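Position chains V, S and R relative to chain D; hints supplied.
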Amino acid sequence: MDAFKNWVARSGMGSILILALLIMVVFPLTMDIFRLNLVGKYLTYAFVAVGLVMLWGYGGILSLGQGVFFGLGGYMMAMFLKLEASDPEATKIQSTPGIPDFMDWNQLTELPIWWQPFHSFSFTVLAVVAVPMILAFIVSFAMFKRRVGGVYFAIITQAVALILTVLIIGQQGYTGGVNGITDLKTLMGWDIRDDSSKYVLYFVNAGLLIGVILLCRWIQMSKLGTLLLAMRDKEDRVRFSGYDVSMFKVFAFVLAAGISAIGGAMFTLQVGFMSPSFVGIVPSIEMVIFAAVGGRMSLVGAVYGALLVNFGKTYFSESAPDLWLFLMAALFIGVVLAFPNGLAGLYESHVKPWLSRRKSSPPAPSMEAPASSAHTPKTAPESSLPKGVQGQSA
Amino acid sequence: MSFDEIYNIALMQGFAGLSLFSVLLLMGLGLAIIFGQMGVINMAHGEFMTIGAYTIFLFSSLTETYAPGLMQAYFPVAIVFAFLIAFGFGWLTEWALIRHLYKRPLDTLLATWGLSLGMQQVFRSTFGPKEVSPTLPDWLMGSWAPSEGLDIPINGLFVLALTALVTGGVLLALYKSRWGLRVRATVANRPMANATGINTKRTDRLTFAIGCGIAGVAGAAFTTIGSTGPTSGSLYIVDAFLVVTFGGAASLLGTVASAFGIAQTQSISEFFLTGSMAKVLTLLLIVTILMIRPQGLFASKIRR
Amino acid sequence: MADKKDTIPATLTDEQRRKVLLGMAAAPALMVPGVSFGNAQFPTAKVNTTKLAVTDTEVIVGQLHSATGTMAISETGSIQAEQLAIDQINAMGGILGRKIKVIKEDGASDWPTFAEKSKKLLVNDRVACVFGCWTSASRKAVLPVFEKENGLLYYPTFYEGLEQSKNVIYTGQEATQQIIWGLDWAAKEKSAKTYFLVGSDYIWPRTSMKIARKHIETVGKLGKVVGEEYYPLGHTNFNSLINKIKVAKPDVIFVTVVGGSNVAFYKQLKAAGITGAKQFLLTLSVTEDEMLGVGGENFAGFYSSMKYFQTLDNPNNKAFVEAFKKAYGPKSVIGDVTQAGYLGPWLWKAAVEKAGSFDVDKVVAASPGIELKTAPEGYVKVHENHHLWSKARIAQGQPDGTFKVVAESADLIEPNPFPKGYQ
Amino acid sequence: MSNTDFVLAIEDLTVSFDGFKAIDNLTLYVDRGELRVIIGPNGAGKTTLLDLICGKTKASGGSIKFKNQEMTKLAEHKIVRAGVGRKFQTPSIYENLSVFKNLEVSFPSGRSVLGALGFRCTDEVKERVQSVASEIGLADALDMEAGLLSHGQKQWLEIGMLLMQEPELLMLDEPIAGMSVRERELTADLLQRICKGRSVIVIEHDMDFVKRIAHKVTVMHQGKILAEGSMEKVQADPKVIDVYLGH
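So the protein sequences, as listed, match chains D, V, S and R. Counted from 1, the first sequence has number 179 at position 179 by the numbering used here; the numbering is strictly sequential. Counted from 1, the second sequence has number 1014 at position 14 by the numbering used here; the numbering is strictly sequential. Counted from 1, the third sequence has number 2063 at position 63 by the numbering used here; the numbering is strictly sequential. Counted from 1, the fourth sequence has number 3197 at position 197 by the numbering used here; the numbering is strictly sequential.
Just chain D, same shape as in the assembly (with noise of 0.2 Å):
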């Protein structure tokens, strides 16, 4: 029982639980389905905010191009249900039917070769993860490799956000231009715009997420995770330690490109369409934004900072949208000025103490308790994490 209570306050277990317990129960139950399905479109962010707390927080690597992989993959999605919604029966109205109708205002009279695979859906899922990871590691291993970094490195994920972006506008016959791929109505058949499936598809986004959240963190508690925490620390000690540094790295940038490029394909099947506006600079700024806020050391941190974020944009928009942007700048500001360690060290420094004032008599069954008193001798040291971020990395 007691190793079972230490795995779980050093696993961040009970935190994780909390999130699913809020996001797969408590919010189905009180909003209706249209507030529901905001949130599930904010949670398709939530994806990216993890990625980076893996990226960012603990490999120390700030992308500024994330919306490139979150692009990617809804780009993918949007892709196979284009296809499906454009059988030649509902598109006998175009030059050529069966094929999607900006390619036919575009005077293309047949499918691309490469837009011919995306007819099978299990081809398209592959895709959905593999190809941003691809892309992700083509970029990631020429720059670690030659040991660019910090923000030069961050320059240049943007310039690579830039260039998609301009390549999707530029190439509309393919890609459906500013306008992106729009008027997406089935999967296999099944109508995506109706409320039950609006449901389940919010349940498979948050279970994906929560299990998102669980793989960060089973690989933040591995080796790999302390080694990123070392090598944000002493790169050239973990590199004569003898390790490939640039292949640590790669390997974080891949994986927060993955877990983006998921939460990129939710949000093609949730919201009904894709764009350039999630590709370019703007958004992948403000998906780090989301990571701050809420902790860029936490993965649960990250969840609560992208809803938190975007209720906050959806109710200011609608009642004072002059405000939006200087909260959003005060935002930006603040997060790094005061609070580096975003409303997850809020919680540390303020709430966690308080909490354990009121609940002084022991064996509580907190699954908050504090690492250090979950702490015992024989088992391996828990303070892995650094100084004031300990127990709040789930």
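Keep in mind the hints are simulated off the structure, nothing from the lab. Model, not experiment: these values are computed from the prediction. Warning: the hint list may mix true and false statements.
Sample of chain V residues at the chain D side, in silico, Cβ under 7 Å [stated by the list, open to error]:
hint, residue
1, 1041
2, 1106
3, 1111
4, 1114
5, 1174
Cβ atoms here follow ideal geometry from the backbone N, Cα and C, with glycine treated the same way.
Just chains V, S and R now, kept in the frame of chain D:
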């Protein structure tokens, strides 16, 4: 087509490339100085350019209302003010924001991005959401036609001259002035510079402000070519970025070479291909070269 | 067609008709407050069978534009014009005895936000109809929502066509209405034989240019296209393009450049010595709104093809311009899309009154054939395909930034969103 | 001389920075089981030499052979995996991790990405951590956050991290800098113990310490070797005296 015509077109096309080069260089210069000196990327660079552009607009409106007789003369004065105002805001920004974040360069990216959002909203509240365009003095408009069929845009000449002036000024300052000496010392070895009595904090602030001031001048020059709106900055920053990234960020020579390379590629390919394809081609070329040489064209040897 | 007498829907009484005209004239002092005959005549249970937000005294509609973001520049005019029309309708007693209440939502220049907000308006607020969207991208984003939830959208922008939805009324021109007559006029008046096409790189310019090219080369046999160029949105350097134009020496430069690029394009044309005095240029994308940024001195002498210009000389327009300036300041300008936005609420009012119901299906069924003789642009009529019959006009830019209308089609031009022979 | 019994054979090694030759045509051999100390005035190129051996700096010319295997073209981590360990001048440890984790991370298995994911802290690992920790005198501090250690302990921890890798060649850059007298003695003992079964190269300034540990001393000056031999021999060398006492 006669030989004369081909000759004229070639001349004008050459000038088009040159004028794009000067625009890109002017946009990237301030960013490169700040990055080279402090390792900080100022994401609000575009907004500092917008400050310069709005300064021109303000001067043009004021002159038009209160002293219409001076319409031919206000422009140079307004450029000086564009520099001073952007310089002042830059100074303030460094004091309020940047200096707290020197140890965390990645966080400056986020903080200055936040700043840019706030500034955009300020522009929108002050000048309205619509794009504005100052009334330019007549001598800046139209073309200079040295011979039949050859038109050289005067605004292009003006921007070219301004860029030469600013770049020359920066180089001169960097290699001849005390500020330049301090900057070079700080870049080479910050603790040592500190130890020899250079106030590196002051140097940083001055550098940041000068970078912003140059952005203001760039924005001012830009009003002769395009219009200004609250979100124009986000358009400018993209090009400025590419120039600095491609140039290798830390060296002024790299910035010049990269602006020249991008401008010529773009301008020549635009003439022979379609506009969108030219843009894609230029960007792809940049990315390919960055893949082979991620550190950019001219990486500095001191910083990694 | 123009000699048809009765253009106000037949269901209106004479008194109502008088009020319509007064409302258009925007003379509030003369206005009779809303008479409450409506509710007895049109009980809520009867006019609203689909649980829309309609009460005995009120009907709620949505307005969905970008109040923030990059598109706010363009969409502000539409927001203002729609609001003006609604205020005028309310001042004369509303629709079926009910005042119109507006829920304003901000699409923030972000397409998914448009989709999200449209869903909110239709599902949560149950609005009777929505006036909104500006860009094609935003319309494409909300279209599935409107079709799914069976909403009704009045869309004000001139656009590329290739679309026709049961749930949308398009109050702007589709591409052929703007292009073909203008090109024919250019060919006839200026004896133009060679054409150079320039556009921003997205769907509207590309589709427009496709139609233009077909018309120039095969359908209308006007002459030859000597160049076709597209530049990315936001592009600001046109010097290479201008050199290409100089090489090609076209009779007509035909332009669909939009947004911030517009200003750069005309400034650089002028700087390269291409001015209205020397070169014929026809654009589909400069209205009074764009003119503010471009500056009259840069556009002077060039031509724009629209259905509406602020300087249009007719009583309807004089009253409209006066009311608009009174509401939004003497410096405000009215462009083509702003006027089209203004038509939306009036067209909806007419359709609701013809249908005697707010139910979307009934309003949609009543819409084709609705006429509006009081429109600022003159007489318009809703086509079966949900677009408007309207006139085409060409105006020349003046150095002071206004337009001088120089030509106008004799008849209304039929909307044809899927033009045969132009695909 | 290419195939030798030496653990480390450096021949004609040269590196130049912008024309300045930091290491100039240097040749040096280290025996198995030898503890070699390199001394020399500041700027002699001592640290640069270590950087070159461990791959941190790439040579302009010459060869470095470790156990007859050419090192100059290998990536850093491959050199480490071949059996070369390097301690930096300032203690380079993971301040935010516990002492245990610091040592565990240095255990030479699970060094690839996938290997690290699958790595388990087995009893074997724990035993090794225990034994190294007692070797470096930190057995009681395993759970402590490494940043809280004293300066001397940090130096030991870094040495311990190297020991975890069981290198055949260990290079220590000023291991006793900033240590108290007592700590220096303990370090000297530690070095004596660990050089059994492996070769050690130490850079040091403290002559008493050098006398105490060195098997053989190499004196460097301006990127070249000035003298080599026992402590007594080099101390008596007039060239060395000249360099140290100035002209």
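### Given hint residue 1174 of chain V near chain D, where the shortest CB pair must fall under 7 Å
Status violated, d = 21 Å.
#### Entry: Interface hint compliance - residue 1114 of chain V to chain D, C-beta minimum distance less than 7 Å
Since chain D brings a Cβ to about 2 Å from residue 1114 of chain V, closer than 7 Å, the hint holds.
### Message
Min Cβ distance, residue 1041 of chain V to chain D: is it shorter than 7 Å?
### Response
holds, 5 Å
### Message
Quick check on residue 1106 of chain V please, does its C-beta sit within 7 Å of some C-beta on chain D?
### Response
holds, 4 Å
### residue 1111 of chain V as an interface hint toward chain D, with CB separation required under 7 Å
Holds - the Cβ of residue 1111 of chain V comes within 7 Å of chain D, reaching about 5 Å at its closest.
Hint compliance for this structure: hint 5 alone is broken.
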